[in-house]
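Undergrad: The chain contents come next:
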Amino acid sequence: MRASSLAESRARLDSGEASSVELLDASLTRAQECADLCAVVGVRPAAARAEAEAADLRRREGRLRSPLDGIPVVLKDNMVKRGEPTTCGSRILESFVSPYDATVVEKLEEAGAVVIGRSNMDEFAMGSSTESSCYGPARNPWDRTRICGGSSGGSAAAVAAGIVPAALGSDTGGSIRQPAGLCGVTGLKPTYGRVSRWGLVAFASSLDQIGPLACTAEDCAWLLSAIAGHDHRDSTSLPEPVPDFAAALSGDVSGLTIGLPRECFVEEGVDGDVLAAVHAGVAELESAGARVVEVSLPHSRYAIATYYLIATAEASSNLARFDGVRYGRRAENTRDIDDLYRRSRSEGFGAEVKRRILLGTYVLSAGYYDAYYRKAQQVRTLLRGDFEQAFSHCDVLATPTSPEIAFALGDRSDDPIRMYLSDVYTVTANLVGVPGISVPCGHVSGLPVGLQLLGRSLDEETLLRIADAFQRRTDHHLQSSPEPQ
Amino acid sequence: MSRDGYEVVIGLEVHTHLATESKLFSPAPVRYGDPPNHDVSPVDLALPGVLPVLNEQVIDLAIRFGLAIHGEVNRRSIFARKNYFYPDLPKGYQISQFEEPVIIGGYVEINPGDDGSRRIGLTRAHLEEDAGKSIHDAAVAGADDSLIDLNRAGVPLLEIVSEPDLRSSEEAGAYLRALRSILRYIGVSHGDMEKGQFRCDANVSLRPRGEEQLGTRTETKNINSFSNVEAAIDAEVERQAEILDDGGDVVQATMAFDPVTRRTRVLRLKENSDDYRYFPDPDLVPLVISEAQIEQVRGSLPELPAAKRVRFQEDHGLAEGDAAILTASRMLADFYEEAVGATSQSATTVAKWVLRDLLRALKIRECEIEDAKVTPASLAALIDLVEAGRLTVKSAQELVAELVAEGGDPVALMSERGLEAVSDAGLIGSAVDEAIDAHPEVVSSFQEGDQKAINFLMGRVMQKTQGKANPGRVRELLLEKLS
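Chains as they are written, first to last, in this note's numbering: chain A, 443 to 927; chain B, 45 to 527.
Be careful, since some hints might not be right.
Pairs of lysine-lysine residues, derived as DSSO-like cross-links and limited to a Cα-Cα distance of at most 27 angstroms, are as follows [said to hold, decoys possible]:
no.: 1; chain 1: B; residue 1: 126; chain 2: B; residue 2: 265
no.: 2; chain 1: B; residue 1: 126; chain 2: A; residue 2: 817
no.: 3; chain 1: B; residue 1: 177; chain 2: B; residue 2: 314
no.: 4; chain 1: A; residue 1: 796; chain 2: B; residue 2: 126
no.: 5; chain 1: B; residue 1: 496; chain 2: B; residue 2: 438
no.: 6; chain 1: B; residue 1: 239; chain 2: B; residue 2: 265
Derived from the structure by calculation, the hints contain no laboratory data.
Okay, chain A solo, but in the shape it has when bound (with noise of 0.2 angstroms):
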């Protein structure tokens, strides 16, 4: 049985139709009949259990501690879970076990939901596939031949094959939206800072935001609740309040203004179709009441190289940590110390990362600092100027969330290039830290396509009032994958 979606499941336990411990069993059910999605890699079926009859057991007395009480959920395999191994899709923590929590698993478990796995993710979250990982790849429920989309592919596969209602995912450059886009689900990155990266596994530090992958934007407005707010273990935490983002589900957008950025809207580099059914979402948006007008977004050509300057520059240094020497893999009968690391991090890490970490010491080497890292910071001062300017003239911005339906497994793999141009129009939010939403808007040869719409600063609200508003007015959401023949 497919798990429904967040709403429709507390509605079964609120009537009492079914429990907590139902609900994970199907979950671990549908896990298993779906182990050919690849898109869970670990489950924890007795210590969930135990969580999801507690949660019975509150529900019975009254205790309900939110909306998320006794929900099953699944994590992506980079935020930290005590007792729990986080392996981020990489050999090199094959053997690695959290001794602490991530803010989002405390507050998970204060709001009562019952955390059943891991997600499968590109390794270190390093991709738009899910097929670094070594575990294998993940696949799309839509058409198992392809990819689910990545780097949170697994979360959202998960989301789109009904094993859990809703999941978490990190979006460092479009890993949130790009695969909730491409498995047809509902994907939020929040505003940078508004929820905590204490124990989020960091593949760039400036970049990163953990936020929900569900079916809807309401439900992604009960998890972005329940996982928001300031936390004084993460600097770059923002201190804002943070509101009941349900409540902002008015369903009216009348008198909202929606902008298109001409440049993301030229024919070259994207699909006809792809573009038709985004322009076909906006028109329905249009009809609800809104306003749309052209804006334009001068720096965004230059945005992909400034994300991979900058991306790789801080992974970089960011896995350095990976040295063999405290925890994780480390190489035998090593010779000497830098034999250690050599081989310990040559076997550990996968060829993209290896790849990324190569790049971004480049990057970030005497001599070329101020041609590439400076400068690309300089660009991601200019794109924060044209989102400011946008914003002038509208309260959204709507654009493709990829520009082109999942492709085949493999079809990618040997060119990371054309790899890299998949978070096209996903890379900017992250540069200036807005928050950004994937809907499903459409199907293209029977696979979905997603809209992007990206909002101002902290204004999530909004973001879920529209994409509530434009899930009210249509049933792309709505649409299952097929079962496997």
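With the hints as your guide, set chain B onto chain A.
TA: Relative to the frame of chain A, chain B by itself:
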């Protein structure tokens, strides 16, 4: 060329541990002597997913230092990552400050009151974290292994970089002493070199006297005592001078000083040096310091050594050299001032006792004033006893040593030990009579005009009374009886 033909140019980099309760970016405590890897948190271990959070305590300490050395407190400084692999550097990078340090400029005055009095310029001071320790000792780690202790990893450091203003190893030593004195005065660092809380790298170059252009410099790393700093500089100056004398070129290098052979040797050449790939740490926000914060710290800053020295000279009438010694340590200066306040005797009298007798007793016991049992009040009481004629200087000096070691009340000690000076005319009189009777030849030479002869007689009397007789009374009586 003779050594005098070269001018020595020295700049020092000092790493000093800041006196904080916890580490720079983690809540783990800063302690010395704990079992290995006892004082570590997930942050110090660089576990996956951890993040640094700045210890707010260091901000005030950095401001205190900046104000004390007349530097500029940067309103916005940036933490940067210095990337390199080393087993006792868990993250694979050290969080430091690079392009924007917290303190810019300033100076330290050396050899005050001396002909060699000079201001040594500071380039900058910045915050950074210390690394852990690697233990290669085969007896501990085994022949094939090394062990790592991360207790020190993440301990806050202030790196203080001087301008190349120092011209001799003596000046370098004087600079380090003055700097450490300031750090201790303002409570920024304990500066204990034995605990590795105060370490020094020395940049040394030579140039022919009169030459403007600086010579090629070397950097001698991690020197851990004042005397070794001076010895290392002397050794390096000698090495470079020999090279230059032979017509060679000094090669830019990192050096190590061996305190046993008292020589420096090349550790690695600079051209092979690492590229640290500094960049701003994206896990941390800029350190922003407000005017109000600076003013608040300024208000809480204690009187600094230089100001105190001038005050001791002008208000207490002390000689410049005496004032300089008393103010070298804040503890000693405070002790002296409290003692002055506890007695009606003059400040110069108290200074005499502190400088002559207390410092000597401390030196013999090899302890600092803060570790001694003597209190300012007890020293003051002792001085009062001497001035009142109840205790001889000799007895008092013995008691100073005892107060330093054991503490106690001088009046009680005096009676316990039976040291009270004898002023009783009868007792002294009989000893005087005895001395006169026993040495008629000395009496005659005194009466023939040898004034010094009386000293011999005094000595006999003092001996007879076991040093307890009030010397003034003895002299009076002798003069009375001999005239």
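Undergrad: Against each hint, give a clear statement of whether it holds in the structure.
TA: For each hint, the structure was consulted:
1. 126(B) to 265(B): holds, 18 angstroms
2. 126(B) to 817(A): holds, 20 angstroms
3. 177(B) to 314(B): holds, 24 angstroms
4. 796(A) to 126(B): holds, 20 angstroms
5. 496(B) to 438(B): holds, 21 angstroms
6. 239(B) to 265(B): Holds. Residue 239(B) to residue 265(B) sits at ~17 angstroms (cutoff 27 angstroms).
In summary, the structure agrees with every hint in the numbered list given earlier.
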